[in-house]
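Asks: Sequence:
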Amino acid sequence: MNYLQRVARLGSVRLTLLVAAAIYVLGGAFAPQTATAQWDRSALQKALRATVHVVVPVSGEDGVYSTGSGTVLDADRGLILTNYHVLADIEGRGNLYNDSGTAIIGMMPDNVRGTPVYKYVAELVKGSPEWDLAVLRIVGLLDDERAALPSNLGLVAIERGDSEDLLPGDKLAVVGYPGLGGSSITFTEGVVAGFLDEDEDGVYEWIKTDTEINQGNSGGLTINSQGDFVGVPTMFRFNTDGGGKLSLVRPGAIALDFYDSAALGQGSSKQDRFSRPPQTAAADDGAATIANVEFGTAVNNRNRVTGAATSFPAGINDLYVSYDYTGFARNKTFVYQWYLDGEPVLGDSFRWAGEAAGVDWLNLHSDRGLPNGAYEVEITFDGIPLHRSGVSIGARAPAPAVAAPGFGAITFASAVGGDNEPVNPGNTFVEVYEIYAFFDVNAVEDGTPWATRWLFNDEEVLYEEGEWDQGDIGTTWVSLSHPDGLPTGKFTLELYLDGDLNQSANFTVAARGRGQRARDINVVGVVRDADNNRRLVSGATVVFLTPGVTIDQWVDADFDESMVHASGASNRSGEFQLDAKVTPGERYSVVVVHDSYKPVQVDGYQIPADSSDPYDLEVKMERR
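Start counting the sequence shown at 459; every next residue gets the next number (the working numbering).
Derived from the structure by calculation, the hints contain no laboratory data. The reader is advised that the hints may include incorrect statements.
[As the list claims (entries may be wrong)] Cβ-Cβ distance ranges computed for the label pairs, FRET-style: (1) D601 with T768: 48 to 58 Å; (2) L654 with G831: 22 to 32 Å; (3) E1076 with A767: 45 to 55 Å; (4) D1014 with D927: 36 to 46 Å; (5) T768 with G1043: 35 to 45 Å; (6) D1010 with L654: 50 to 60 Å; (7) D601 with L959: 56 to 66 Å; (8) V874 with T747: 25 to 35 Å; (9) A767 with E588: 24 to 34 Å; (10) V1051 with P1005: 19 to 29 Å; (11) G831 with K1039: 24 to 34 Å; (12) G660 with G957: 49 to 59 Å; (13) D568 with Q684: 38 to 48 Å; (14) G827 with D601: 47 to 57 Å.
[To be verified] Derived BS3-like pairs: lysine-lysine, alpha-carbon spacing no greater than 27 Å straight-line: (15) K1056 with K1078; (16) K1078 with K1039; (17) K703 with K666; (18) K790 with K948; (19) K504 with K666; (20) K666 with K629.
Note that the Cβ used here is the ideal one computed from N, Cα and C, for glycine as well.
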């Protein structure tokens, strides 16, 4: 049965909107205020057409659907913002209503008074139970799932507004498909009643409004007096004693930050990927695994925690967990959940489109210090729990044991950055000439015999030995190269210390997949504060010079614009995109400048030949 047939058989519709009772005592009925100013008709038309009906089939319940609304934020790429509870039972166990996070999208017909036209199928890109937000992407036609999407999807995107400019008394309107009085689109208006900071952390999680919000409005559009997007209608609260009702809207400032993080790696609507780390090869067909799980209070540039321990002192602001992963297939659902004393405190889920294997980390943060207690993190992939472990905060930490001499876990990368950090780390590479292996060094004394042994498909190809002469340096690297490129297959690096095997790890060189070819690609990324990884740097200028041009040559030429290949500037979320594409395998000199930070300068930065589109670049800047 195709999706079109299912829509025609709507037997039981589950209108979704979160409702909380007896939260506010308003001291009387909340009297709706009538807005007197007339809405601009062109802005109104755009708002109506930017709002879609979201219908989510419930697995195992034929003819049962969860329904809500959504807002088109990118018409070309088919990206839609909605509430997470439209797609998942977040008041229950948090499970998606169907395994793939699939939704049917209905658009407003040419006759504004008619019922939605169901034309597309969309899939979940990223969802957050914490913020109750989700991003969908159109992936196919409803009546022919095998047909290619048209280049023009016929969508209308809403203009972005600034929710932080709103004041109590400002006019608002909500657009959606609540199902009251039929299935056509519904427009209600009112004013901003105030703002709500639920956890008193200085971040206002809600806009309070008298605007009518009902079941089915969830995930729809909230606009300001100019017709611009300023929030997501999410729930209403009422006084069970009859004192009144209040609607709550997730502010656009929060919703857009979430949306931008999800949309950053999305290509056109005809592609199907959500990017987290840069992708180097197709996902491994093997079973997904998690290994080398460690907890710490910070992470290094290889995505591994520093100062790993099982207990931490009271008052720490950050708790990190780093881990190795393998067998992560694209488009499967990644879910993590943090627990404090057995109770969930923070979680998220998204569609995986990163590497099949690599190193990653998760973070738990509190500006006021994490509460004392037992913390655990649980990681699930494709519905299969892979790992759950934890540490304690606030307990008296035992005296640190003297660490045995040795080498830390190995991280492979295709290049070395300007500060000797790994570039494009991972465990699978395509068409590479040299692989670098980074590892920590702990208490290894000069003069200690050590050796490196490289194997290809379990056969030794290179063995080197000597006496350690670098002292306890913290981190170092070794490399393996071939002038014709490393052959496809499995490689192993073994590190020996005083004649004994001390550390080992594997990586794979894969053949370029069918249809894969070198092509110009986009560069996107984020700029962070080097001293505080959570602090994002806005207003930084990122410049890629024309291949063959060095930074000194550019400076000597008085910053000649003809020497610039591409440039971009970081937004308030620290994110940027270059205004021209780059060529995989090519080397570019890169400059990043900001008035409050020291410039970042790298000559000959190579875009790996196996880079996917877009290529993700993270920049860390030190304060002046």
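Asks: Looking at the structure, which of the earlier hints fail to hold?
Replies: 3, 11 and 13
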